[in-house]
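The primary structure of each chain is shown beneath.
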Amino acid sequence: MIHVISAVNRHLYEDVLDQHFRVRHEIFVEERKWEALRRPDNREIDAYDNEDAIYLLALENRRVLGGSRLYPTTKPTMMSEVFPHLAAVRGCPVDAQIWEWSRFFVTRERRDGAFNLQLMAAAQEFCLDQGIERLCLVMETWWLPRFHDIGFVVTPLGLPALVENSWTMAATIEINQESLNVVRDKIGMKNLVHQDGPRLDCIAHANTCGRTAAQRKSA
Amino acid sequence: MSAVDYGREALDFIEGLGAYDRVPDAMDALAVTFGRYGFEHIIVTGLPNPDQRFSQMVLAKRWPAEWFSLYTEKSYDRVDPVIRKCRQSVNPFEWSEAPYDAELEPGAVEVMRRAADFRMSRGFVVPIHGLTGYEAGVSLGGVHLDLNARSKPALHLIAMYGFDHIRRLLAPSPHPSARLTPREREVIAWASQGKSAWEIGEILNITQRTAEEHLATAARKLGAVNRTHAVAIAIRQRIINP
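Residue numbers (my numbering), protein chains in the order written: chain D, 171 to 389; chain A, 149 to 390.
Keep in mind that the hints were calculated from the coordinates and are not lab data. Nothing here was measured: the structure is a model prediction, and the numbers come from that model. For every residue, glycine included, the Cβ atom is placed at its ideal position computed from N, Cα and C. Treat the hints with care, as some may be off.
[What the hints assert, rightly or not] Computed footprint of chain A on chain D; a stretch qualifies when at least three of its residues, placed anywhere within it, have a C-beta under 8 Å from a C-beta of chain A:
{"no.": "1", "stretch": "219–229"}
{"no.": "2", "stretch": "251–263"}
{"no.": "3", "stretch": "318–325"}
{"no.": "4", "stretch": "351–359"}
Using the sequences and the hints, build the whole thing.
See the structure below:
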């Protein structure tokens, strides 16, 4: 099951979230060598791990096996603050219905293609349910054919550039039933996403963030 | 052109690709676009396993006919250093960056030399690595190339989208009706466990006849000749897990 964890239910998952920051440190820092993310407490936590973040975490008996993070584009995002040059042609989206997708990871033991697909399907399923229309993301360019393979519609926002020796690009992914069906067919599973606690409303939340940002600007 | 101009042109082209619904039209469009960078020859191809023939892997090409027959007759794909690097690399590269030992690999020397005879003295390759280990590439050749730090990212993206579009045209995704319903998937999954239609009916609390109908519909949608064949296809296409 892939659990949705956000500000409204994180009190149910504090242990899991902490474990997930350690797993991220293991994967992104120790394994993939993104040294800029290294932290002495061995937890990979960045500026976007805050009350606006939503985590989709694959859990097995509360053990974190993989996951990803969603963040509203009505707030400054990793794309707009760290990688705006990757979106130089079309610009970084700012829209309550477009959320940034980041920190996609799978633990070493589960790195078979099928598990990857479950996490991708979960993102489509969750966003479709929430009325999110697109995800935007910064990704390694060689992943593009893999997204194509599972029927995701990926639209580039600019040209690839080298980031830490990897060709990296900014893009959006369409959320739609068709894409979800294709990936569901591949994995032979439905309804991967599990939510405990009060119902989330991402769009309403993103709109609130946006207003606060606008108010901040005019102040 | 500035980097942003290269980018705008590439992204406009990519967004327009969907309008070409025949492979020759898509290849014409790609030939014009790659031509603007000086490329004269294009091949869009899967990479053969040891037991596959190169000619069967090609999705589309704009190669001189004579060069293609020479390449396939002499099985140059077995010695071509560009193909070897294409398998090992996720990053695009120039042909000249594909290493080989001129002393120990006369075949590699030959293929690179002969390519130049067909106005392919230089080239650029974009490797494609699919989800299930599928390996492919888009290789572009020519003589006078606009190949630099600004044009390469544009070529990279155009080639990847060009590849995807052509593969889609050649193997259109199954018609929506070909998709199994959750119930059909369920009966096939039980059939794959050796259950009879009667047993499946008992398990799912439906009549044997309904179970048989679900099995028959699933088999028809999968293009299977019988139940066993349907199970085999469903496993192969990962519709169910073995």
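Now the hints, each set against the structure:
1. 219–229: violated (count 0)
2. 251–263: The restraint on the stretch 251–263 of chain D holds, since 3 of its residues have a Cβ under 8 Å from chain A and three suffice.
3. 318–325: holds (count 5)
4. 351–359: Holds: 6 residues of the stretch 351–359 of chain D have a Cβ under 8 Å from chain A.
In this structure, only the earlier hint numbered 1 is contradicted, and the remaining ones agree with it.
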